[in-house]
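Novice: If you want the building blocks of each chain, they are given just below.
Number of protein chains: 4
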Amino acid sequence: MHGYSGDKQAYLTRLRRIEGQIRGLQRMVDDDAYCIDVLTQVSAATRALQAVALGLLEEHISHCVADAISTGGPEADAKVKEASAAIARLVRS
Amino acid sequence: MHGYSGDKQAYLTRLRRIEGQIRGLQRMVDDDAYCIDVLTQVSAATRALQAVALGLLEEHISHCVADAISTGGPEADAKVKEASAAIARLVRS
Amino acid sequence: MHGYSGDKQAYLTRLRRIEGQIRGLQRMVDDDAYCIDVLTQVSAATRALQAVALGLLEEHISHCVADAISTGGPEADAKVKEASAAIARLVRS
Amino acid sequence: MHGYSGDKQAYLTRLRRIEGQIRGLQRMVDDDAYCIDVLTQVSAATRALQAVALGLLEEHISHCVADAISTGGPEADAKVKEASAAIARLVRS
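Residue numbers (UniProt numbering), protein chains in the order written: chain L, 1 to 93; chain C, 1 to 93; chain S, 1 to 93; chain A, 1 to 93.
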């Protein structure tokens, strides 16, 4: 069980919608849609993916990281460092 | 025909690979994968999407925008503004 | 006292270096430097600012948020939500 | 003369305002301001820097890149590639 497990169905629904956006992008490219329209849809899919990431991150901090902090010990510090590295990857992607 | 039309198959291949990444994310969530591992894959998919966008943008500038500039007239200015707005959406997404 | 207080001097040094980068940008613009060279320096300053933000965020989570979680109660949840909102602003900027 | 030369004073004014934001950040850190408030100001400064970059880029494309395209020859292609690399650095920073 992880932070997002309670909202698993909601995350799956969002990821399926993003999969639909990516398939829509394939249709646009296949139909020679105008470049700027393709780019607008790429930006929309990117934002949807980042919203999923931000949701997962919030639940990760409030569950997994919080549990490690409540338990204490060296594990708490490792969890904060791990979450910080994930935040850095997200900010830079 | 648009800037990316010559590379259409390459773009479709990249978008299909991204679709595979999104389906992989659904499997990870469905299998209760560790949050940080899910986030790492979300970052990878986001970067792949942005690489597609940067490729489309470069071809758009070197074809559609360049053609409008070569032709001259008010259209050239409109194309530069439109491309700039797409770049801004990309930077902010 | 906050998460970053122990590293205050290091943060001040980094912020002074960023201030120097911004003044360098003013000199470049004033000297009519080539646009792409100005943009390269803007990207460098942006990355330096984001590195400061990621550092502050890690210390905030490992101190302020961790303290609230250890204490427990509604404050813990509020701190996680506040940190998540700051992460979202960072990802979207 | 470059794309931004006509707006040089406006860019200098914006960069001086960003310099003020960075000095404000130093005061906040020096005064032990709350981490989240510091982060909010870092996000604001980052957005202001990126707005400067987007402005410079638009003027670069509509002047330097457009001139190279109008002149034609291998230089046009080099300018588009150079601008695309700058856009990529911006998207990834």
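In case anyone wonders, no lab produced these hints; they're calculated from the structure.
A portion of the hints provided could be inaccurate.
A pair holds if it fits inside one copy or across any two, identical chains being indistinguishable in the list.
[What the hints assert, rightly or not] Each computed DMTMM-like pair below joins lysine to aspartate or glutamate, with the alpha-carbon atoms no more than 25 angstroms apart:
#, residue 1, residue 2
1, LYS81, GLU19
2, LYS81, ASP37
3, LYS8, ASP32
4, LYS8, GLU59
5, LYS8, GLU82
6, LYS8, GLU19
7, LYS8, ASP37
8, LYS81, ASP67
9, LYS8, ASP31
10, LYS81, GLU59
11, LYS81, GLU58
12, LYS8, ASP30
Novice: Hint by hint, say whether it matches the structure.
Specialist: Consistency of the hints with the structure:
| no. | hint | in the structure |
| --- | --- | --- |
| 1 | LYS81 - GLU19 | neither (31 angstroms within a copy, 28 angstroms between copies) |
| 2 | LYS81 - ASP37 | between (39 angstroms within a copy, 14 angstroms between copies) |
| 3 | LYS8 - ASP32 | between (36 angstroms within a copy, 8 angstroms between copies) |
| 4 | LYS8 - GLU59 | within (11 angstroms within a copy, 30 angstroms between copies) |
| 5 | LYS8 - GLU82 | both (22 angstroms within a copy, 23 angstroms between copies) |
| 6 | LYS8 - GLU19 | both (16 angstroms within a copy, 20 angstroms between copies) |
| 7 | LYS8 - ASP37 | between (32 angstroms within a copy, 15 angstroms between copies) |
| 8 | LYS81 - ASP67 | both (15 angstroms within a copy, 16 angstroms between copies) |
| 9 | LYS8 - ASP31 | between (35 angstroms within a copy, 10 angstroms between copies) |
| 10 | LYS81 - GLU59 | both (16 angstroms within a copy, 10 angstroms between copies) |
| 11 | LYS81 - GLU58 | both (15 angstroms within a copy, 7 angstroms between copies) |
| 12 | LYS8 - ASP30 | between (33 angstroms within a copy, 7 angstroms between copies) |
Consistency note: the structure conflicts with earlier hint 1 alone.
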